[in-house]
Amino acid sequence: MLRYVIKRLLLMIPTLFGAAVLIFLLMRTIPGDICYLRLAAGGGSVVQDVLDNCRRELGLDQPMWMQFWTFIKGLITFDFGKSMWTNRPIIDEIALRFQLSLQVAIMATLTAVLIAIPLGTIAAVKQNTWIDYFVRTFTIAGIAMPSFWLGILIILTILVTSKAWFGVPWMPPIRYVPIWQDPWYNLSMLIWPALATGYRYSAVATRMTRSALLEVLREDYVRTARAKGLYEKLVINRHALRNALLPVVTVVGIEFAFLMGGLVVTEQVFNLNGLGKLFVESVLNHDYAMTQFLVMMVVAIFAFTNFVVDICYAWLDPRIRYTR
Amino acid sequence: MQTTAEGAAKPLSGEVLSSHAAAKTGKPVLEIENLSVQFRSSHGLVRAVENVGYTVHPGEMVAIVGESGSGKSVSALTIMRLLAQTAEITSGTVVFDGRDLLKLSDEEMRRVRGHHVSMIFQEPMTSLNPVLKIGLQIMEPLFIHLKMSPEEAKARAIELLTLVGITDPESRLEQYPHQLSGGMRQRVMIAIGLACNPKLLIADEPTTALDVTIQAQILELMKDLSRRLGIAVIIITHNLGIVARYADRVNVMYAARIVESGTAEEVFGNARHPYARGLLSAVPRLDRGRAMRLQTIEGAPPNLLKPPEGCRFRPRCRFAIDKCTINPPLVEFEPGHCAACHRSAELESIDKPVAASHETIGAVANGGSGPILQLKDVTKFFPISGGFFQAKKLVRAVNNVTLDIAPGETLGLVGESGCGKSTLGRVVLRLDDPTDGKILFEGADLANAGADQMLAVRKKMQVIFQDPFSSLNPRMTVGEIIAEPMRVHQILPKEKIHDRVAELLSLVGLHGYMADRYPHQLSGGQRQRVGIARALSVNPKFIVCDEAVSALDVSIQGQVINLLEGLQQKLGLSYLFIAHDLAVVRHISHKVAVMYLGKIVEYAPADELFANPKHPYTQALLAAAPIPDPVIERSRPRRIITGELPSPLRPPPGCVFNPRCPLAVENCRKEIPALRELGPKHWVACSEV
Chain A
1 MLRYVIKRLL
11 LMIPTLFGAA
21 VLIFLLMRTI
31 PGDICYLRLA
41 AGGGSVVQDV
51 LDNCRRELGL
61 DQPMWMQFWT
71 FIKGLITFDF
81 GKSMWTNRPI
91 IDEIALRFQL
101 SLQVAIMATL
111 TAVLIAIPLG
121 TIAAVKQNTW
131 IDYFVRTFTI
141 AGIAMPSFWL
151 GILIILTILV
161 TSKAWFGVPW
171 MPPIRYVPIW
181 QDPWYNLSML
191 IWPALATGYR
201 YSAVATRMTR
211 SALLEVLRED
221 YVRTARAKGL
231 YEKLVINRHA
241 LRNALLPVVT
251 VVGIEFAFLM
261 GGLVVTEQVF
271 NLNGLGKLFV
281 ESVLNHDYAM
291 TQFLVMMVVA
301 IFAFTNFVVD
311 ICYAWLDPRI
321 RYTR
Chain B
1 MQTTAEGAAK
11 PLSGEVLSSH
21 AAAKTGKPVL
31 EIENLSVQFR
41 SSHGLVRAVE
51 NVGYTVHPGE
61 MVAIVGESGS
71 GKSVSALTIM
81 RLLAQTAEIT
91 SGTVVFDGRD
101 LLKLSDEEMR
111 RVRGHHVSMI
121 FQEPMTSLNP
131 VLKIGLQIME
141 PLFIHLKMSP
151 EEAKARAIEL
161 LTLVGITDPE
171 SRLEQYPHQL
181 SGGMRQRVMI
191 AIGLACNPKL
201 LIADEPTTAL
211 DVTIQAQILE
221 LMKDLSRRLG
231 IAVIIITHNL
241 GIVARYADRV
251 NVMYAARIVE
261 SGTAEEVFGN
271 ARHPYARGLL
281 SAVPRLDRGR
291 AMRLQTIEGA
301 PPNLLKPPEG
311 CRFRPRCRFA
321 IDKCTINPPL
331 VEFEPGHCAA
341 CHRSAELESI
351 DKPVAASHET
361 IGAVANGGSG
371 PILQLKDVTK
381 FFPISGGFFQ
391 AKKLVRAVNN
401 VTLDIAPGET
411 LGLVGESGCG
421 KSTLGRVVLR
431 LDDPTDGKIL
441 FEGADLANAG
451 ADQMLAVRKK
461 MQVIFQDPFS
471 SLNPRMTVGE
481 IIAEPMRVHQ
491 ILPKEKIHDR
501 VAELLSLVGL
511 HGYMADRYPH
521 QLSGGQRQRV
531 GIARALSVNP
541 KFIVCDEAVS
551 ALDVSIQGQV
561 INLLEGLQQK
571 LGLSYLFIAH
581 DLAVVRHISH
591 KVAVMYLGKI
601 VEYAPADELF
611 ANPKHPYTQA
621 LLAAAPIPDP
631 VIERSRPRRI
641 ITGELPSPLR
651 PPPGCVFNPR
661 CPLAVENCRK
671 EIPALRELGP
681 KHWVACSEV
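Protein chains in written order, with our numbering: chain A, 1 to 324; chain B, 1 to 689.
It should be emphasised that the hints constitute simulated quantities derived from the structure, not laboratory data. Don't be surprised by glycine CBs; every beta carbon is placed ideally from N, CA and C. Please note that the accuracy of each hint is not assured.
Stated by the list, open to error - Sample of chain A residues facing chain B (criterion: CB under 7 Å; computed from the structure):
hint: 1; residue: THR15
hint: 2; residue: THR224
hint: 3; residue: LEU230
hint: 4; residue: LYS233
hint: 5; residue: ASP317
Stated by the list, open to error - Pairs of lysine-lysine, DSS-like flavour, derived with a Cα cap of 25 Å:
hint: 6; chain 1: A; residue 1: LYS126; chain 2: B; residue 2: LYS103
hint: 7; chain 1: B; residue 1: LYS460; chain 2: B; residue 2: LYS376
hint: 8; chain 1: B; residue 1: LYS376; chain 2: B; residue 2: LYS438
hint: 9; chain 1: A; residue 1: LYS233; chain 2: B; residue 2: LYS147
hint: 10; chain 1: A; residue 1: LYS7; chain 2: B; residue 2: LYS438
hint: 11; chain 1: B; residue 1: LYS393; chain 2: B; residue 2: LYS670
hint: 12; chain 1: B; residue 1: LYS541; chain 2: B; residue 2: LYS376
hint: 13; chain 1: B; residue 1: LYS103; chain 2: B; residue 2: LYS199
hint: 14; chain 1: A; residue 1: LYS233; chain 2: B; residue 2: LYS103
hint: 15; chain 1: B; residue 1: LYS223; chain 2: B; residue 2: LYS147
hint: 16; chain 1: B; residue 1: LYS133; chain 2: A; residue 2: LYS233
hint: 17; chain 1: B; residue 1: LYS460; chain 2: B; residue 2: LYS494
hint: 18; chain 1: B; residue 1: LYS393; chain 2: B; residue 2: LYS438
hint: 19; chain 1: B; residue 1: LYS494; chain 2: B; residue 2: LYS438
hint: 20; chain 1: B; residue 1: LYS570; chain 2: B; residue 2: LYS459
hint: 21; chain 1: B; residue 1: LYS459; chain 2: B; residue 2: LYS496
hint: 22; chain 1: A; residue 1: LYS233; chain 2: B; residue 2: LYS154
hint: 23; chain 1: B; residue 1: LYS103; chain 2: B; residue 2: LYS133
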């Protein structure tokens, strides 16, 4: 088991390196650079010297391999440099946003899993009854509805109902405070985006749970479990569900990693200053250092989530645990 | 109970009659009457079981025999009330221990399942939950039904594993199913079935997925346990040999109905239904050579969506008369022996099976020329990469095999799963490249032949695969499937291909119009015929038949074997016939090679090998394979070899068979025995015979 874990961890290194090469090259194929954008974007003209000076300051005059080496060295030594746009250390720029995005992702995942597994299970067990139809409709709606639209709906509902009940319209706070400073304030802000994204997320996971469980319920060992005279509850929970969870874990893992960098529009709707927004801004600004860092971070999160998914697989399925 | 005690005290063989006679006087443990089950499907109503009734007494082993789709499994699942939700029980009673199981509530039924009645399924590979430990899976019914404490349950689980012959039971409890072999898993299933001391054990094809030596071990175990513990056993099978060897009573099912029932001796010795008689003459037997042509039942079982009126067997029956359009009742014409046929009384006089089946098969068309195929020291090793940190391992799938096949001859290659017989077939066809050795086909070595040379050779060598369901492309019509090789090899001009397809279809006993059908529209037997037609389309001289009849039902299997033999005579084909079923190999082969763990252990003309087996492994295989005749079976000595096939990754040193061999001496563990010629053309790789 330990060997399996170490092997999985080592396998992350080539993935990360490949991603680093790719993003470094891709960023430099985009026409225009940050200095030009910063100094001459308004259509004004700049003296070549000023541009050269700016490029020298940011290290963009150095040969490509040298820039790449600086980038890789920074990654290895955890010295991620400064944002080329704001000139603040990247770590400082990221810190609060990372916390926020991570918290939203975790809360959305919890929402999704807590909805998906019971709902998917009951839909599979009661296949082709009104319960199943209800669950299927509910999940189809979840997949079809964009989360930002659901977000707008949520905000409007809050406004309208709070006005109707208390006479004063209430809005979720918009200034991020870490959860350990003011949990109530923090949650009252982040629960809404978590619900909005968690609903869509849960819809995917519910459908996966349902179909995986339906498949497992047809397996011979489920029939064996019934032939042993086990309670139906035990047949489902112990014998079927555990086998059905493997694909669900994969879906949950991928969705979680996606939420960490991909919530651009939803963040906009709830006015959150998260990673998604930062991502878009830094790309538009040609902020090489920031974009490279963000991409590497998302890649690392994906790789790590996959690693956790693999560990879950091994934990759920002894065949994986023992044969590797 | 007295009889079971007797049975345990005496040796295994020869006691069946007395125990059966005594058992019959007691009260039956299970009485099924007038049971009918139907399934609703989108195509209509399928009556899977109709008016079925039988009784089972304590300590008795009752067999339900029939081909696939005859309703034998459905009737058994009905006893357990484990049918799919689309099933509907329309009539009948299933009285177990004085209670009608069909009238119990779900909760009452749950308390019966696994406690008083338990069930063993066909596939040991998938019947155990892969993510739970063996121990928990055995203990579950103990917790639920007997309310045992964890300590009691563990002790009982160890006791059960010992009972079913699993060594080192305590550490097995902590293992997962994938760590056990198929035979071991089936033993675990039996242990689970026996956990709460049931009165009735239902075994649905318990050994179909297992090798013949393991099959014998498992069935001996079940028979022994049923005697010792007085458990009634219902065994559902398509294998008549198993029935003859182990069953006390037999119920033959055909198209949802029981057509004949009686003691094994009565049914096998004096069958009164044409289907039962046909089945018995259609099955290849270990004690009959290739001289006798199989007398098969023509046609295929009816579609239960639209069954024929009256007797279901009428369209295939040679003795059908007008009266047969009225459904014949199951009539008891001698005590305990029933048949559902209007002509059962006169059947003995009008049916002369033995005389009819003496139609012999012509001698080999061997023009004295050299062998068409010669294998010299053919070897195939598969490297298994152990990942980043492990050294590479070698699977010695085929190890120094030397064989030859003459034109017009059939070489049978037998062995258990994992012995390398299919790999050898693939190497001969160059679907896999040999690691070493020579493959001389018509004198030219194929071992290192290039792509061009192989393309030319492939016209002369063809293959028929085991699974008629997956070896035909579902998106091509039968005509396209058969025409494809002709187009690839440009054997015929385009315009003539259509006629040739029709000709090939009629050659394999299909109709020309079937060329426009898709594989899913055909039955299993018809699909296998299409596979044969495809192989024949390029006019090959040599065909590898890799388990070509294993997936087919008995009556269909006989038809395909006859077809293969007929084609051989007509076209002078040579076959490499790879199979695990000894009786089939015996029937079809001129020469037989027995393979064990990548090596040929015995190689001789078929009649010589089966009459006079020398190698202990061949002897064990023959002893393990049952003959469908209870009289012969009950007089045969039973020597069941123990143990299982070792991993080909770590073959035992010396003779590969030595860990399981009754004759093994010290030297067998050191020296690898070479093939020696003991009689004319009779080669044996054993130093102790």
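Exercise. Against chain B, is A:THR15 within 7 Å by beta-carbon distance?
Worked result: 15 Å, violated
Exercise. Would the pair A:LYS233 and B:LYS154 pass a check requiring their Cα atoms to be no farther apart than 25 Å?
Worked result: The hint holds at about 23 Å.
For this session: Below or equal to 25 Å on CA atoms is what counts here, so check B:LYS376 against B:LYS438.
Result: With Cα atoms ~5 Å apart, B:LYS376 and B:LYS438 stay inside 25 Å; holds.
Exercise. When you check the alpha-carbon spacing of A:LYS233 and B:LYS147, does it fall within 25 Å?
Worked result: 17 Å, holds
For this session: Measure nothing beyond the straight line between the CA atoms of B:LYS541 and B:LYS376; if it is 25 Å or shorter, mark the hint as holding.
Result: This hinted pair holds, its Cα atoms lying about 20 Å apart.
Problem set entry | Restraint status (C-alpha distance of B:LYS460 to B:LYS494 at most 25 Å) | With Cα atoms ~20 Å apart, B:LYS460 and B:LYS494 stay inside 25 Å; holds.
Exercise. Does the alpha-carbon distance linking B:LYS459 and B:LYS496 stay inside the 25 Å limit?
Worked result: 18 Å, holds
Exercise. B:LYS494 and B:LYS438: Cα distance at most 25 Å?
Worked result: Distance ~37 Å between B:LYS494 and B:LYS438 Cα, so the pair is violated.
Problem set entry | 25 Å Cα cutoff - pair B:LYS103, B:LYS199 | Given pair B:LYS103, B:LYS199 holds - Cα atoms ~19 Å apart, limit 25 Å.
Exercise. Given the proposed pairing of B:LYS460 with B:LYS376, does the C-alpha separation stay at or below 25 Å?
Worked result: Cα-Cα ~20 Å, so holds.
Problem set entry | Interface hint status, A:LYS233 versus chain B (Cβ within 7 Å) | 11 Å, violated
Exercise. Given the hinted pair A:LYS233 and B:LYS103, is their alpha-carbon gap at most 25 Å?
Worked result: The hint holds at about 23 Å.
Hints 1, 4, 10, 15, 19, 23 from the earlier list are contradicted by this structure; the remaining hints agree with it.
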